[in-house]
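Each chain, letter by letter, is given below.
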Amino acid sequence: MSEDLRTERKGQLLAVKDLPTLPVVLEEVSKLLEDPNSSTQQIAKLISRDQVLSAKVLKMVNSPIYGFPGRISTIQHALVLLGFNVIKGLIISTSVFELMTTSMVGLWEHSVGCAMACNAIAREAGFKEPEEYAVAGLLHDLGKVIVALQLPTAKEEIDAVVRQEDVLYLDAEKKVLGFGHDRINAWVADHWNLPVNLKIGISGHHRPVTAQHYPKMACVVHVGDVLIRTLEVGSGGDDLVPRLDPEALALLQLDMSQLDKVLDVMLEEIEGDGLSMGLG
Amino acid sequence: MLFGRKLRFFLVCADRDRVAFFQGLWPPDQVEWTVFQRGPMALEQVFNAPPDLLLVDDDLPQLSGPTLVNMVKSENVYRQLPVVLCLIEENPLEDMDFHAVEMDDFLVYPLSPLEARSRLSLTLHRASRELDANPLTKLPGNTSIIQRIQDLIDRKEPFALAYVDLDHFKSFNDKYGFSRGDEVLMMAARVIVNTIRSFAGKLTFVGHVGGDDFVFILPPDTVESACQRIVESFDGIVPHFYDQDDQERGYILSTDRKGAMQRFSMMSVSIAVVFNTDGRLKHFGEASQIAMNLKKKAKSIPGSSYVLDRRQE
Numbered sequence: 001m002s003e004d005l006r007t008e009r010k011g012q013l014l015a016v017k018d019l020p021t022l023p024v025v026l027e028e029v030s031k032l033l034e035d036p037n038s039s040t041q042q043i044a045k046l047i048s049r050d051q052v053l054s055a056k057v058l059k060m061v062n063s064p065i066y067g068f069p070g071r072i073s074t075i076q077h078a079l080v081l082l083g084f085n086v087i088k089g090l091i092i093s094t095s096v097f098e099l100m101t102t103s104m105v106g107l108w109e110h111s112v113g114c115a116m117a118c119n120a121i122a123r124e125a126g127f128k129e130p131e132e133y134a135v136a137g138l139l140h141d142l143g144k145v146i147v148a149l150q151l152p153t154a155k156e157e158i159d160a161v162v163r164q165e166d167v168l169y170l171d172a173e174k175k176v177l178g179f180g181h182d183r184i185n186a187w188v189a190d191h192w193n194l195p196v197n198l199k200i201g202i203s204g205h206h207r208p209v210t211a212q213h214y215p216k217m218a219c220v221v222h223v224g225d226v227l228i229r230t231l232e233v234g235s236g237g238d239d240l241v242p243r244l245d246p247e248a249l250a251l252l253q254l255d256m257s258q259l260d261k262v263l264d265v266m267l268e269e270i271e272g273d274g275l276s277m278g279l280g
Numbered sequence: 001m002l003f004g005r006k007l008r009f010f011l012v013c014a015d016r017d018r019v020a021f022f023q024g025l026w027p028p029d030q031v032e033w034t035v036f037q038r039g040p041m042a043l044e045q046v047f048n049a050p051p052d053l054l055l056v057d058d059d060l061p062q063l064s065g066p067t068l069v070n071m072v073k074s075e076n077v078y079r080q081l082p083v084v085l086c087l088i089e090e091n092p093l094e095d096m097d098f099h100a101v102e103m104d105d106f107l108v109y110p111l112s113p114l115e116a117r118s119r120l121s122l123t124l125h126r127a128s129r130e131l132d133a134n135p136l137t138k139l140p141g142n143t144s145i146i147q148r149i150q151d152l153i154d155r156k157e158p159f160a161l162a163y164v165d166l167d168h169f170k171s172f173n174d175k176y177g178f179s180r181g182d183e184v185l186m187m188a189a190r191v192i193v194n195t196i197r198s199f200a201g202k203l204t205f206v207g208h209v210g211g212d213d214f215v216f217i218l219p220p221d222t223v224e225s226a227c228q229r230i231v232e233s234f235d236g237i238v239p240h241f242y243d244q245d246d247q248e249r250g251y252i253l254s255t256d257r258k259g260a261m262q263r264f265s266m267m268s269v270s271i272a273v274v275f276n277t278d279g280r281l282k283h284f285g286e287a288s289q290i291a292m293n294l295k296k297k298a299k300s301i302p303g304s305s306y307v308l309d310r311r312q313e
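Chains C and P, in that order, give the protein sequences. Okay, so the first sequence: first residue is 1 according to the working numbering, each after it adds one. Okay, so the second sequence: first residue is 1 according to the working numbering, each after it adds one.
Incorrect hints may have been included.
Not everything, but these chain C residues come out facing chain P in the computed CB check (under 10 Å) [claimed, not checked]:
(1) P36
(2) Y66
(3) G67
(4) F68
(5) S73
(6) T74
(7) Q76
(8) H77
(9) V80
(10) L82
(11) G83
(12) N85
(13) K128
(14) W192
(15) H213
(16) Y214
Straight-line distance between alpha carbons at most 30 Å, and here's what the computed BS3-like set of lysine-lysine pairs gives [to be verified]:
(17) K138/P / K88/C
(18) K138/P / K128/C
(19) K138/P / K17/C
(20) K128/C / K299/P
No wet-lab data here; the hints were simulated from the structure. Owing to the predicted nature of the structure, the values given are computational and were not obtained by experimental measurement. Even glycine gets a Cβ: it sits at the ideal position worked out from N, Cα and C.
With the hints as extra help, turn the sequences into a complete structure.
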């Protein structure tokens, strides 16, 4: 594709103003914010289950206005730094998805599931701050949401290619747009001053071992994505399971028996906690 | 009352009617006007005993209004004095270079008394707000802090006053540079403000003394849990302000005061809390003296910590 077309599309995608989210989530978060007894932890936990609200909160706290761009990668920390007033403002200015197609609901569930998986993997691998990995898992498909909003026609074409040719969503994106959601994620991460580790996590999950910095972040999201697709939770836009990169497992120093353990943890959490606040 | 005390305004104006107009705006026990017909005379008085507000006519003989304004404003000690330029008609606005004339506001004759009163009062309040704010965090500075505390002491209101400062901030600044240091100060300010704000009540206050020193005020019964939350949030967030390798190592290498390489721990917070219960404090100075002694104790504890002055019990 021509460089001009790519630049034009990049501009259209980054111009995204209002990322809408699911009505259920907004309602729940608003309720908690109105209740003087709710704690930052409770609100953080709820926001951490919505990729759009999480992205908005992280974008805001890492904006130069607050004076520490690129530093904050967890929702809990973001809430402490932003304060409830700003969060309330963010919630008020978030609209709901009018046209919530089944595929979008599926994507939400897939994202929440991936966040859970990344958290479990990071804990199994013994990493500090598994929350950061969960955030990367939650946001790893944000580029798909942005395409659906900003380039709806392209989104339909991508869906059609997936149906007709039975390929990975990523490959269909490349065919239609000339680039995939991983690339969009990298653009957005730069544009929003997100921390480098988050950027790597959300932009490197399809080619994890090539990441120069924070390769473990990319590897965790890669493995999490594959696992949650294997469990068939939600939908990443196609019915295929991406190939698990054995090098990613090696880099994380995880073996198959540990992955089994992670799967058990995930199944337990999905059964116990429910996935998507009554979405599906 | 404009400010709870009698104010001194200077007016530089050669027109008798305008002088009478301004003098009629407030009763004499609220505002005392000193009128100058010529700029040079006013200048000497302003330099010797700056007023609360300076009004200058644009069309002065000898020394023009804008020149006078700039002579006052170019001196850093007088920069904070609010200066209003009075214009005769709207035409001069066309040629006004707002970048070059450093006035704080302007008025255009003819004026209604209500508008003149409101505009001047707004200018005064705006100046007092801006005057004392810390330029980095925009939090109130020393003047406001001292006023607030002395006011609570005078009213015999029970309160807890906490002094917060960062441990090992200097070594962080030395290694990473002042702009990374500023990031940490902004973060600390947000953590303190949001924690204090979550304890609703009119007693709450946060100020920035300067550098890595902050203060906050809370009702005595809530201060300990606020300290705990500040410590917890700060400790959780601060590692992200270090480079990845330092973060993993858990300390930084930097030069100490004698120029030798030394290990410095990650930054932490020390909080010293003084209570004013049963009106035991008489003066702001007492509060800060007690706090400084407590702070030494808090600083001697490794990592983040808070120390409460329990003497009131």
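Tested hints:
This hint holds: P36/C has a C-beta 8 Å from the nearest C-beta of chain P, less than the 10 Å allowed. At a threshold of 10 Å, the smallest CB-CB gap from Y66/C to chain P is about 6 Å, leaving the interface hint in force. With 10 Å as the threshold, the beta carbon of G67/C comes within range of chain P, its nearest partner Cβ sitting at about 3 Å, so the hint holds. Annotation: interface hint on F68/C holds; nearest CB of chain P at approximately 4 Å, less than 10 Å.
For S73/C, the interface hint holds, since its Cβ comes within 10 Å of a Cβ in chain P; the closest pair sits about 7 Å apart. Because the closest C-beta pair between T74/C and chain P is about 8 Å apart, less than 10 Å, the hint holds. With its C-beta approaching chain P no nearer than about 8 Å, Q76/C sits inside the 10 Å limit, and its interface hint holds. Annotation: H77/C was flagged as interfacial toward chain P, and the flag holds, the nearest CB pair being 5 Å apart, inside 10 Å.
At about 5 Å, the closest approach between the beta carbon of V80/C and any beta carbon in chain P falls short of 10 Å, and the interface hint on this residue holds. This hint holds: L82/C has a C-beta 7 Å from the nearest C-beta of chain P, less than the 10 Å allowed. Using the Cβ-Cβ criterion of 10 Å, the hint placing G83/C at the interface with chain P is satisfied: the shortest such distance is roughly 4 Å. Taken as an interface hint, N85/C checks out: its beta carbon lies about 8 Å from the nearest beta carbon of chain P, inside 10 Å.
With a least beta-carbon distance of about 9 Å to chain P, the hint placing K128/C at the interface is held under the 10 Å criterion. Taken as an interface hint, W192/C does not check out: its beta carbon lies about 16 Å from the nearest beta carbon of chain P, beyond 10 Å. For the restraint placing H213/C at the interface with chain P, the shortest Cβ-Cβ distance is roughly 8 Å, inside the 10 Å limit, so the hint holds. About 8 Å separates the beta-carbon of Y214/C from the nearest beta-carbon of chain P, less than 10 Å, and the hint is met.
As the CA atoms of K138/P and K88/C are separated by approximately 22 Å, the hinted pair is consistent with the 30 Å bound. For the hint linking K138/P to K128/C, the alpha-carbon distance of about 34 Å lies beyond 30 Å, and the restraint is violated. Distance hint between K138/P and K17/C is fulfilled; the C-alpha atoms sit about 28 Å from each other, no more than 30 Å. Straight-line distance between C-alpha atoms of K128/C and K299/P comes to about 27 Å, which keeps the hinted pair within the 30 Å bound.
Hints 14, 18, counting from the list given before, are not met by this structure.
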